[in-house]
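Novice: What follows is the residue order along each chain.
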Amino acid sequence: MSAAGLEVGTQTVLDRPRRRRFGPREYAVVAVGALLVISVLRLVTGADDIASSGALAAAIGLAVPIGLAGLGGLWSERAGVVNIGLEGMMILGTWGAGFFGYHMGPWAGVLGAILMGMLGGLIHATATVTFGVDHIVSGVAINIIGLGVAKYLAARFFNGLPGGGPTQSPQIRSLPNFTLPGVSSGLGTVERKNWFFVSDLAAVLRALCTNMSILTIIALLLFVGTWWVLWRSSFGLRLRSVGESPVAAESLGVNVLRYKFLAVIISGGLAGLGGGFLALVAANIYRDGQTGGRGYIGLAAMIFGNWRPGGLLTGAALFGYTDAVQLRGGATVHAFLLLFAVLLVAVGVWQIVRNQRIVQGALAIAVGVLVGWWYFASDAVPAELTGTTPYVTTLLVLAFASQRLRMPAADGQIYRKGEGH
Amino acid sequence: MKPLNVRRILMSMAAPVLALVVAFVVTSLVLAAVGDPVWDVWKTILAVPKPRQMVNVVNAASVFYLSAIAVAVGFRMNLFNIGVDGQYRVAVFAAAVFAGQAWLPGWLNILASIAIAMVAGGLWASIAAYLKVKRGVSEVISTIMLNAIATGVVSWLLVTVSDRHAGSNSIETKTIPDSSQLQGFTLIPGATNRVYTLIVLSLLVGFLYWFVLGKTRFGFDLRATGRSESAAVASGVKVPRMVTTAMIASGALAGLVGMPLLFGQDHNYGTTFQAGLGFAGIAIALLGRNNAVGIAFASILWAFLDVQSNALQIQANVAQELVNIIQGVILFAVVIAYELIRRADKRLEQARVARELAAQRQAASVTEGAPA
Amino acid sequence: MTQTTTDAGAPAVELEGITKRFPGVVANKDIAFSVRRGTVHAIVGENGAGKSTLMKILYGVQRPDEGTIKIDGRLVNLHSPADAIAAGIGMVFQHFMLADNLTVLENVVLGAEKLHGIGDSARREIMRISDAYKLDVDPDALVADLGVGARQRIEILKVLFRGAKTLILDEPTAVLVPQEVDELFDQLAELKDEGLTVLFISHKLDEVLRVADSITVIRRGTTIDTVDPKSVNARQLAELMVGSELPSPTTEESTVTDRVLLRVDDLALGGGTGRPILDGISLTIHAGEVLGIAGVEGNGQAELVEVIMGMREPTSGQVFLGDVDISDWHTREIREAGVGYIPEDRHRHGLLLEAPLWENRILGHQTEAPNVKGQLIDAAAAKADTERIVKTYDVRTPSIFVTAGSLSGGNQQKLIIGREMSHQPKVLIAAHPTRGVDVGAQSSIWDLIRDARREGLAVLLISADLEELIGLSDTIRVILRGKLSGDFDPDHVTAEDLGAAMTGAGEKEESR
Amino acid sequence: ACGGSGSGSGSSGSSSSSSSSTKAALKVGMAYDVGGRGDQSFNDAAAAGLDKAKTDLGVTTKEAAAVANENEAAREERLQQLVDAGYTHVVAVGFAYAKSVGKAAKDNPNVHFAIVDDASPDSAGPNVDQITFAENEGSFLVGAAAALKSKTGHIGFVGGVNVPLIKKFEAGYIAGAKAVNPAIKIDSQYLTQPPDFTGFGDPAKGKTAAEGMYQKGADVVYHAAGGSGGGVFTAAKAAGKLAIGVDSDQALTAPADVRSVILTSMIKKVDVAVYDFIKSASDGKDLTGNHVYDLKAGGVDFATTGGMIDDIKSKLDDFKAKIIAGTIKVPVTP
Ligand SMILES: Nc1ncnc2c1ncn2[C@@H]1O[C@H](COP(=O)(O)OP(=O)(O)OP(=O)(O)O)[C@@H](O)[C@H]1O
Ligand SMILES: Nc1ncnc2c1ncn2[C@@H]1O[C@H](COP(=O)(O)OP(=O)(O)OP(=O)(O)O)[C@@H](O)[C@H]1O
Ligand SMILES: [Mg+2]
Ligand SMILES: [Mg+2]
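Keeping their order, the protein sequence lines are chains E, W, A and L.
The first sequence begins at 1 in my numbering and counts up by one.
The second sequence begins at 422 in my numbering and counts up by one.
The third sequence begins at 794 in my numbering and counts up by one.
The fourth sequence begins at 1306 in my numbering and counts up by one.
Bear in mind the hints are in silico, worked out from the structure with no lab data behind them.
Take the hints with a grain of salt, since some may be wrong.
Stated by the list, open to error - These stretches of chain E come out as covered by chain W in the derived footprint (C-beta under 8 Å, 3 or more residues):
no.: 1; region: 68-77
no.: 2; region: 122-134
no.: 3; region: 393-399
The C-beta atom is built at its ideal place from N, Cα and C for all residues, glycine as well.
Just chain E, with the same shape it has in the complex:
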């Protein structure tokens, strides 16, 4: 068994011609396209919350912890270490934020979250890099230990504090928030006009300049910083080379193990910070079970994003957005049914016309028609099912777009010094 997994199903990817680099321009096109689709959907269905600045701001809030966890995954997997232990590291981060945040203030909470996450990273690094343990095994063990440690320590250290208990920390003071005063309200006016596209764009911009937590801004900077460090600095080049071809890197004098070790520790720090965000910004409190599987979702977002920060950000945003609109309730999820229906039919037609995949195409069309029927025959999606929106969306998008993913060549492989030659 190896953490790299099976290749089956990905061969189709390799047979296709290499795609052009996906740069900032392409991301902009995709973003505008998505916004256009959303605008049309809002007009057609009348589900206004679909592009409200409130929904988008909530989406950002929900996307940040996922994005940070994913960023942790990115650092580790770019160096060739699969990190399924992100969830455990996040949990450690929430506890760290709660403990240090309560005793020494919110900034110490940020540090505490990072440090606790790094501790998880250190364990993972020691197991996988030093001892060559299978990455999946180590990750699973970290998730178990992370959960246990946080609960155990919470029971030990939060019990008896004012408002604290075995399942939660006392209140932590808030980190500062930012709003661009004039701009925000001006955009609000435009947003309320309900103009096609223009209002939606205003909503996006407004969400970005209203009540942004400092930690959100830091998270965004970390994305840019990660991109710069990994793709523009020699440190990053070495780190990536270690995930692509450790043997080659070692033959050029790169200390492979050191880079892997560092990457995994940074990975833990980022995941811990993601947990810290949950405790410090999303809740002002450590709460047992607060991460709710976001570490796994972060991992998924990273794979979704093709092991690149831009793609990961897109994945996290997609998940955060769909989660936000479903949590905010209302007609949005129902409106999505129409979108799914149209997309499925379109994909089905494409499969039949372009790829001659009659069965797959017909299946997609049939499901699409069924979903469309559901949309028109109902007023709302049952409450029990709305919660699955982000997961269904992610699966659907992956089903149609995951063919082009490529992980770092040596990801998941166990590397031992000098053995590759």
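Go by the hints and put chains W, A and L with the ligands onto chain E.
Specialist: Okay, now just chains W, A and L with the ligands, sitting in the frame of chain E:
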């Protein structure tokens, strides 16, 4: 080969023992650092279980075992079915609904329900298989997503079919008829409770797992795929079909996970039905090294720790979650110990091959009289 | 480390008493020789003689157990490649050390970012070196998109970029066609003129004699002698290497019959929107015939094999076994129908490295006797048959229970051949059957193929070793960019002719 | 609101001193639901009842909490452990214990059990006190308060996990609001579905859901979401709107900076019920059967801390009287 095997057996015994010792030391250090009563904790966890608790250990282990085997089927071919959790919940729901209808008498009802559970689990897993084979979606992601989707779908269906009775705050499917409720075996003298009848299912599954993987063509193909996908392809294994089969088999086995609980204890599926067994299965499969016997030991150890930790708060005033730390550390320690031993073993084997070959060459050159 | 206090007269490299032991093996034993500055110094020896190990020691990848290394007359202690690089040593490994998904520039600057950064100034430096030594590399190309020749040049560029004064080339010509070899040798000459020192390893003795200024022979880990190329011929050199006479493949009288066993008809394999990978491939192999296919790696030979073996779906065209159309058969059915397969990459396609030999004997024949009884694996029979293969095919192993990964390459290959031959194939697809196998094993593999041919086997032989192709084949075809050329008669063709056809140089001549 | 417990404590003062001096102290074990003591929710309420019994009646206590994803057998085992340790009275907090209490009670006929939030046949027995609450009735009153205080005619409800118990809160709330303003708009949202119980512990989700409601025009949001409720208060504070607490008087227990947004709380007096069980036992009258803590019994109520509903208190008391009198029947499902 015999002496080597003896050494190997000794070494594979040494690893878990070493790991337990390490886990003991690490946990004690954590306890001492935090200021908890080290002695009381171990006294509680290592106390000789009462007959009742022994039954609980056996029962919990039999359920863990099914889950771990379901996971291991995938692991053996490098397929990461993280979705056993969702699969068994979908399956036990389907089986509980069916069994609750009491369309069939007694044992027939049970057997049919088990079959339905396997079908339901397999079907749910087949979504991931399809996405993997046809759409290239990593099964790690798809099964994680499907777990969450299973939660939504099952609670929606549960609300639709639920059988509420007055005064109860839990919702559950219709209780299965008395004739289909299994009373269990009295295996351990002095216990007031009984061992699940369906422990036989675990034993059967364990045997089948060992037999199919180790002794059949199918098993050979599956293991070959896990060891080297490219070599398996070249040898004529249809890997996409293997993935589909293994994933569905894993899902079908996952479907069995809830059966001992359903027929031997809960008698319906509701909001208080045990969740999270799929994740425990992953850890246990890894601890048992995907081996039928290894997993059995791992299940018992895991169940033992779970059951013994129940008294931690009562006896030692320490949070029960401490057991998660112990379990995690054991998992780490075992795999690290095995890894170190594996490496030593490999080195020894290569050295031996080289040495014996050198000896052969020596002999050959002597007999041929060729100049060295 | 790079102080300028070097003695101008001192040898570039001086090795003294180098000994390196691996568990159970002494890879190097008391090695001693020295290399003059500004020369090409060749090292020759059988597979496993210890050449690569020695070079890795010199490059700091491995530490010697005993002995001293002097560079430019100064004693050095090499702990890691970084130390060796600092001492002015660069190495091109036997297996390329490139990260496919990084660009050429990234591969080159990796580990040497301090010299010129990782941006434009590095790009300029790469272009400068590329122009100076006519290496013709594009710094922004993705390595995955490049062929072997280009990769080889990147490897050399990597070394030059670091300002190495001593270059180690471990079997650089193994994957090159003659024209590329010539280019490489021109480049080596240029390097030599600049005062650089080259350590050069090759199994191809004529090349060695052509390019080297002196030659060191290693046998079983020890230096046998250092000789002047002008004073020896290839045969003498070979005898020094193996301590006995060098075998070579020779054609016997033709055994070709008129019974067609394998026919490929107008086969094509699309390459997405790009150039097709295979284009109009047609070929026929008769019972008792060996059809050799020559070609530079990456021209479609690997894909051709995969299509015939049913591991890939062709875009169009048919494959016939006898007169049965097997185009849409699956690999297993094809193998059951009597097609044996010796894969190009035995580690990836031929073996389960972590499984014992007897399980590897089952691999590829999971449905055939003696391996199975119905749906069950017949372990006892498989083990017994593995014992037989080990004996018959001279697989050197202490037992059939050791893992395949612990055997040496040649013995792994013999196991594979034994396994495939044990099922009385009608057709054998053999890709590079002797790659990386030492001379002794090589000749026994050739004998096996010749014996099978005599008994009416049809063989599709793909090889990069032109000597082997010419020696074994009844007909030779050349594959270039997915297309097959016309026939070459092995009795009359020379390696140079084939090389010309393989690189497309011959194409122009034909069209003229 | 405090009458019941006040009188309880008054009468207990004498009985505790007498009982502790005359006979061996009563041994009370308590098995919490997941979260345990300190969850700032109904486990804590149960703990408060126990603490009060400890000080007032001098009982000896032992506590243990459930862990996530545990087996039915683990719950049984926990109860049995308490019994084995000599605790003659065992309180199980939460409906998850229904079957285990039934079983343990049968196995230990001499031990007295109480179960909070269940009155099903599963847990019934001659030695079992089934404690349930009319959450719908209490929720009716805070629903009425929300409707009375809403300026926009739009209010919201956030449920932690979509289980029948929480639906009972929602049903009462809706009925109460509609009783005041039949045209009122009510948004309802659940955070997770069982068996995913993280909805009771994910403030981020609570905040997102409440934010959505406030932004769409709601100006009062009631939460029955345990630990996620903190997020609801944060959202209310940020939006400058109001929220309603649950289980305990959250204007007293919530973090200080959000107390100002808590209009009222629906109080569910688990502490009183637990205390009653222990008190009766120490008086030698073990309770058995189903005890419904409804409005009439003072088992549920609304809080007045902060004085924000002083102006409408009389209207609410009217409703209360009608419910107690049975003229208003509050539904249990939405
Ligand atoms: N890392 C290692 N561990 C153990 N033994 C090794 C190792 N590397 C090489 N050997 C052994 O050392 C001997 C010398 O190997 P080396 O690779 O140096 O041979 P070589 O002359 O380069 O052969 P080739 O022509 O095949 O490249 C071989 O017998 C091999 O078995
Ligand atoms: N990393 C290693 N650790 C221990 N022993 C090794 C290692 N690498 C090689 N060996 C030893 O070297 C021998 C074979 O080495 P190697 O694979 O280099 O042989 P080879 O003949 O060069 O084959 P190939 O052509 O496949 O490279 C084996 O017997 C093995 O014992
Ligand atoms: Mg070699
Ligand atoms: Mg070599």
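Novice: Check each numbered hint from earlier against the structure, then list the numbers of those it violates in ascending order.
Specialist: 1
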